[in-house]
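Engineer: Dock chain L against the given chain H, drawing on the hints supplied.
Protein chains: 2
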Amino acid sequence: MRGESYPSDELNRRKPVSLPQVKAFVFDVFGTVVDWRGGVAREAAPFLRRHGATGAQPEAFADAWRNRYVPAMRKVISGERPFEQLDVLHRENLLDVLPEFGIDQNAIASEEIDELNLAWHRLDPWPDSVTGLQRLKARHIIAPLSNGNIRLMVDMAKRAGLPWDAILGAEVARMYKPDPQAYLRAAEVLMLKPEELCLVAAHNDDLAAARKCGLRTAFVARPYERGPGQTKDTKAESDWDVVANDMNALADAVGA
Amino acid sequence: MRGESYPSDELNRRKPVSLPQVKAFVFDVFGTVVDWRGGVAREAAPFLRRHGATGAQPEAFADAWRNRYVPAMRKVISGERPFEQLDVLHRENLLDVLPEFGIDQNAIASEEIDELNLAWHRLDPWPDSVTGLQRLKARHIIAPLSNGNIRLMVDMAKRAGLPWDAILGAEVARMYKPDPQAYLRAAEVLMLKPEELCLVAAHNDDLAAARKCGLRTAFVARPYERGPGQTKDTKAESDWDVVANDMNALADAVGA
Numbered sequence: 169m170r171g172e173s174y175p176s177d178e179l180n181r182r183k184p185v186s187l188p189q190v191k192a193f194v195f196d197v198f199g200t201v202v203d204w205r206g207g208v209a210r211e212a213a214p215f216l217r218r219h220g221a222t223g224a225q226p227e228a229f230a231d232a233w234r235n236r237y238v239p240a241m242r243k244v245i246s247g248e249r250p251f252e253q254l255d256v257l258h259r260e261n262l263l264d265v266l267p268e269f270g271i272d273q274n275a276i277a278s279e280e281i282d283e284l285n286l287a288w289h290r291l292d293p294w295p296d297s298v299t300g301l302q303r304l305k306a307r308h309i310i311a312p313l314s315n316g317n318i319r320l321m322v323d324m325a326k327r328a329g330l331p332w333d334a335i336l337g338a339e340v341a342r343m344y345k346p347d348p349q350a351y352l353r354a355a356e357v358l359m360l361k362p363e364e365l366c367l368v369a370a371h372n373d374d375l376a377a378a379r380k381c382g383l384r385t386a387f388v389a390r391p392y393e394r395g396p397g398q399t400k401d402t403k404a405e406s407d408w409d410v411v412a413n414d415m416n417a418l419a420d421a422v423g424a
Numbered sequence: 169m170r171g172e173s174y175p176s177d178e179l180n181r182r183k184p185v186s187l188p189q190v191k192a193f194v195f196d197v198f199g200t201v202v203d204w205r206g207g208v209a210r211e212a213a214p215f216l217r218r219h220g221a222t223g224a225q226p227e228a229f230a231d232a233w234r235n236r237y238v239p240a241m242r243k244v245i246s247g248e249r250p251f252e253q254l255d256v257l258h259r260e261n262l263l264d265v266l267p268e269f270g271i272d273q274n275a276i277a278s279e280e281i282d283e284l285n286l287a288w289h290r291l292d293p294w295p296d297s298v299t300g301l302q303r304l305k306a307r308h309i310i311a312p313l314s315n316g317n318i319r320l321m322v323d324m325a326k327r328a329g330l331p332w333d334a335i336l337g338a339e340v341a342r343m344y345k346p347d348p349q350a351y352l353r354a355a356e357v358l359m360l361k362p363e364e365l366c367l368v369a370a371h372n373d374d375l376a377a378a379r380k381c382g383l384r385t386a387f388v389a390r391p392y393e394r395g396p397g398q399t400k401d402t403k404a405e406s407d408w409d410v411v412a413n414d415m416n417a418l419a420d421a422v423g424a
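So the protein lines, in turn, are chains H and L.
Residue numbers for the first sequence follow the working numbering, beginning at 169 and rising by one.
Residue numbers for the second sequence follow the working numbering, beginning at 169 and rising by one.
The following block holds chain H by itself, in its conformation from the complex (with noise of 0.2 Å):
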């Protein structure tokens, strides 16, 4: 399964992969198992209507409110400022993108700006991911390594049926991916060495960083997380132990 570039349509024309050292999938989970840009666009629409941003496009909103995420976390990760919760860098990059649309965060309730925050409580899976993520826990545990907190991962996880074993990610690291010590905290708290644990993600750079702790590495194709007009991550840019088109061929390709 190595070679330069899958295109994940390629994967079901290969031969079943199996990764008999993997114990652990952990999993990137924003754009990976749930759709990010749907959901935020969804609870964004009344509230940008409520406030007279009519032209506005909801999923742009989401894209804008997403575009800060990287940049809050650098910070993080810089030494700039200390670990925050997820939920805490959202809400000030949600604050952040409202004068772009016209909204004035003066005239909005505090209770009415933490409501939208807790959009990303409520992603909605992609239709494959419960049902891959249950075939891959038969054998293996399962896991979020995600920089969303653990609330935020529980919410999801109740709300949406995501069958984890626990939750990791950067709260339990207290550092944000593409940390080093966000994949490391995994596997030790796991108590697994790295090469036992796979990411499973939909994004190069993610695995890209995984890889380089030693992680066994899954590229999910997710060509539509940013829509329609989407360029970046629409293909498997490395080796990566495995590549598929979505959860299910996941678990077919590793034998779950």
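Because the hints were derived from the structure by calculation, they are not lab data.
Possibly wrong hints are sitting among the right ones.
Note that the list lumps identical chains together, so a pair holds whenever it fits in one copy or between two copies.
Claimed, not checked - Derived DSS-like pairs (lysine-lysine); straight-line CA-CA distance at most 25 Å:
| # | residue 1 | residue 2 |
| --- | --- | --- |
| 1 | Lys361 | Lys326 |
| 2 | Lys243 | Lys305 |
| 3 | Lys305 | Lys326 |
| 4 | Lys400 | Lys191 |
| 5 | Lys243 | Lys380 |
| 6 | Lys361 | Lys403 |
Structural biologist: Chain L only, in chain H's frame:
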């Protein structure tokens, strides 16, 4: 439901209590959710036979091993030693208990010690635990708030079918119960006020420590946790918010 002391067999004569503020039930695990004595004895029995301790009672071995648990954690709580996963403390305690049963640790392969140490990962739930937890999970977050480490709790949950929403406890707090930090960190990562958490435990001292931190408290009676001659924790010794005979009675009492 408040009073001086409630023998647990009186619960079902009282009308259901509700704890409307409580959003999460967090659980002591060893003794409250699972039968550590029976499980450790089951795995100790062939070990003792193999190593010539034919006259030894496996239950006495389990008790002797368990009796070293609190003193080992006290050294972490007091700051005498840094935080270590419970698996590490369990293994030290196991080596410590072998001479009492006439067994020379130097005559045993390290892997065999490791394997017996994993008995704590393979404990059986009490008969009511899984159904009770499933009921409580429907409208509340449920998580262990145990001194067991994350991997131990994950292995146990997968084997026993314990449907946790997250794994909390000592390793998330990096501090053991009954230190306040163990309880307060669980509230913090769940983004709840202490009074929105209810600790469920079969041990009065655990509940007392949780109450001091502001948590609600539920006593679930496990009068045979330490075998037929148990004298401690046979009944509620304070006016805990709920007193129940088992996990289903707790679900009844809180209207789950």
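Engineer: Against each hint, give a clear statement of whether it holds in the structure.
Structural biologist: Tested hints:
{"no.": "1", "hint": "Lys361 with Lys326", "verdict": "between (29 Å within a copy, 20 Å between copies)"}
{"no.": "2", "hint": "Lys243 with Lys305", "verdict": "neither (35 Å within a copy, 37 Å between copies)"}
{"no.": "3", "hint": "Lys305 with Lys326", "verdict": "both (16 Å within a copy, 9 Å between copies)"}
{"no.": "4", "hint": "Lys400 with Lys191", "verdict": "neither (30 Å within a copy, 40 Å between copies)"}
{"no.": "5", "hint": "Lys243 with Lys380", "verdict": "within (21 Å within a copy, 37 Å between copies)"}
{"no.": "6", "hint": "Lys361 with Lys403", "verdict": "neither (28 Å within a copy, 44 Å between copies)"}
Taken one by one, the earlier hints fail for this structure at numbers 2, 4, 6, listed in ascending order.
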